[in-house]
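J.: Sequence:
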Amino acid sequence: MHNIHLDQFEGPLDLLLYFIRRDEIDIYDIPISKITYDYLNVIDKMNSLNVSIAGEFVLMAATLMKIKSKILIPRQELDEEGEIIDPRTDLVNKLIEYQQFKTVSEQLRLLHDEADLSYSRKLLDDSSFEENEKLSSNELNLFNLAELFKKVIEKAPLINPMELRAEPISLEKRKKLILSLFDGNGKLSFFNLISNLKNRLDIIISFLAILDLIRTKQILVFQKDVFSDLKFTILTIE
Numbered sequence: 001m002h003n004i005h006l007d008q009f010e011g012p013l014d015l016l017l018y019f020i021r022r023d024e025i026d027i028y029d030i031p032i033s034k035i036t037y038d039y040l041n042v043i044d045k046m047n048s049l050n051v052s053i054a055g056e057f058v059l060m061a062a063t064l065m066k067i068k069s070k071i072l073i074p075r076q077e078l079d080e081e082g083e084i085i086d087p088r089t090d091l092v093n094k095l096i097e098y099q100q101f102k103t104v105s106e107q108l109r110l111l112h113d114e115a116d117l118s119y120s121r122k123l124l125d126d127s128s129f130e131e132n133e134k135l136s137s138n139e140l141n142l143f144n145l146a147e148l149f150k151k152v153i154e155k156a157p158l159i160n161p162m163e164l165r166a167e168p169i170s171l172e173k174r175k176k177l178i179l180s181l182f183d184g185n186g187k188l189s190f191f192n193l194i195s196n197l198k199n200r201l202d203i204i205i206s207f208l209a210i211l212d213l214i215r216t217k218q219i220l221v222f223q224k225d226v227f228s229d230l231k232f233t234i235l236t237i238e
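Residue numbers (this note's numbering): 1 to 238.
Wrong hints could be hidden among the right ones.
Okay, derived cross-link-like pairs now, DSS-like style, lysine-lysine, Cα gap no bigger than 27 Å in a straight line [to be verified]:
1) Lys-173 with Lys-155
2) Lys-94 with Lys-66
3) Lys-34 with Lys-70
4) Lys-198 with Lys-187
5) Lys-102 with Lys-224
6) Lys-150 with Lys-66
7) Lys-151 with Lys-187
8) Lys-34 with Lys-155
9) Lys-94 with Lys-173
10) Lys-231 with Lys-173
11) Lys-187 with Lys-155
12) Lys-102 with Lys-34
13) Lys-34 with Lys-94
14) Lys-151 with Lys-217
15) Lys-150 with Lys-176
16) Lys-102 with Lys-155
17) Lys-187 with Lys-231
18) Lys-94 with Lys-151
19) Lys-150 with Lys-34
20) Lys-187 with Lys-150
21) Lys-231 with Lys-176
22) Lys-187 with Lys-176
23) Lys-217 with Lys-231
24) Lys-150 with Lys-217
25) Lys-151 with Lys-224
26) Lys-155 with Lys-68
Label-pair ranges, simulated between beta-carbon atoms [to be verified]:
27) Leu-49 with Ser-189: 16 to 24 Å
28) Ile-71 with Lys-151: 12 to 20 Å
29) Asn-192 with Glu-10: 32 to 40 Å
30) Lys-224 with Glu-77: 27 to 35 Å
Calculated directly from the structure, the hints in this document are not laboratory data.
Each residue gets a CB set at the ideal place from its N, CA and C atoms; glycine is no exception.
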């Protein structure tokens, strides 16, 4: 194992995802003994170097040990429907959700970079001041959209563990579903978009789909004033 330092990671889940990616582990079937061993090795190394360790990393170490002990105990716990409870389920749930949040963060960063680049190019060409103002307004609407999604995600229920082994949500299918929600005038409000979303994962996938539809210039986001609902309009339909 090459040198790993905790300051490379945003938190314990980030470190666990590093192990999962490095060893190409199926996130739905984590070898808890191995990943616990690797995790504790990093913690022990930091302790030996007298490096201060954040409490959240120590708490995760205790959580991993607890999961490992439950797996080693022959007695299996059952849920209300008589199904065997996998001690790893809560951890898997958190890892999947955290992974989705990282994906959204990266998408937002790329969106911000693209917006900055587009705006800089627009200022250098021969277009009018009004066109520059329009671009700036559209960019602002994108950030308003991101802020709204962030608030909705924070209030939404966590992913239902029973849905974790279901077929992964396809981004292409979600894009088609969103396009089907537009009315006869090619309009869709933010409120109508989120009204039927079930949990955080559902909202995140929809957010990624919306960003891709905007990026590929299939839809446009706009807002009449700062207090009105954000709306989307179709530009092209494939």
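J.: Within a Cα-Cα threshold of 27 Å, do Lys-34 and Lys-155 meet the stated pairing?
T.: Roughly 35 Å separates the two Cα atoms, so the pair is violated.
J.: Is the straight-line distance between the alpha-carbon of Lys-94 and that of Lys-66 27 Å or less?
T.: It holds: about 16 Å lies between the C-alpha atoms, which stays within 27 Å.
J.: Sort out whether Lys-66 lies within 27 Å of Lys-150, counting only the CA atoms.
T.: Outside the cut-off at roughly 32 Å; violated.
J.: Given the hint that Lys-150 pairs with Lys-176, test it: the Cα-Cα distance must not exceed 27 Å.
T.: It holds: about 23 Å lies between the C-alpha atoms, which stays within 27 Å.
J.: Would you mind confirming whether the straight-line C-alpha gap from Lys-94 to Lys-151 stays at or under 27 Å?
T.: 19 Å, holds
J.: Taking only the CA atoms, is the gap from Lys-173 to Lys-155 under or equal to 27 Å?
T.: Answer holds: Lys-173 to Lys-155 is near 25 Å, not above 27 Å.
J.: Given the hint that Lys-198 pairs with Lys-187, does the C-alpha gap stay at or below 27 Å?
T.: 22 Å, holds
J.: Just to be careful, I want the Cα atoms of Lys-151 and Lys-187 compared with a cutoff of 27 Å; is the pair within it?
T.: 23 Å, holds
J.: Holds or violated: Lys-34 and Lys-94, Cα atoms, limit 27 Å.
T.: Given pair Lys-34, Lys-94 holds - Cα atoms ~19 Å apart, limit 27 Å.
J.: Holds or violated: 16 to 24 Å for the Cβ distance of Leu-49 and Ser-189?
T.: Since the Cβ atoms of Leu-49 and Ser-189 sit about 54 Å apart, the hinted range of 16 to 24 Å is violated.
J.: Given the hint that Lys-155 pairs with Lys-68, does the C-alpha gap stay at or below 27 Å?
T.: 31 Å, violated
J.: Take the C-alpha atoms of Lys-34 and Lys-70, compute the straight-line distance between them, and say whether it is at most 27 Å.
T.: 15 Å, holds
Hints 5, 6, 8, 19, 26, 27, 28, 30, counting from the list given before, are not met by this structure.
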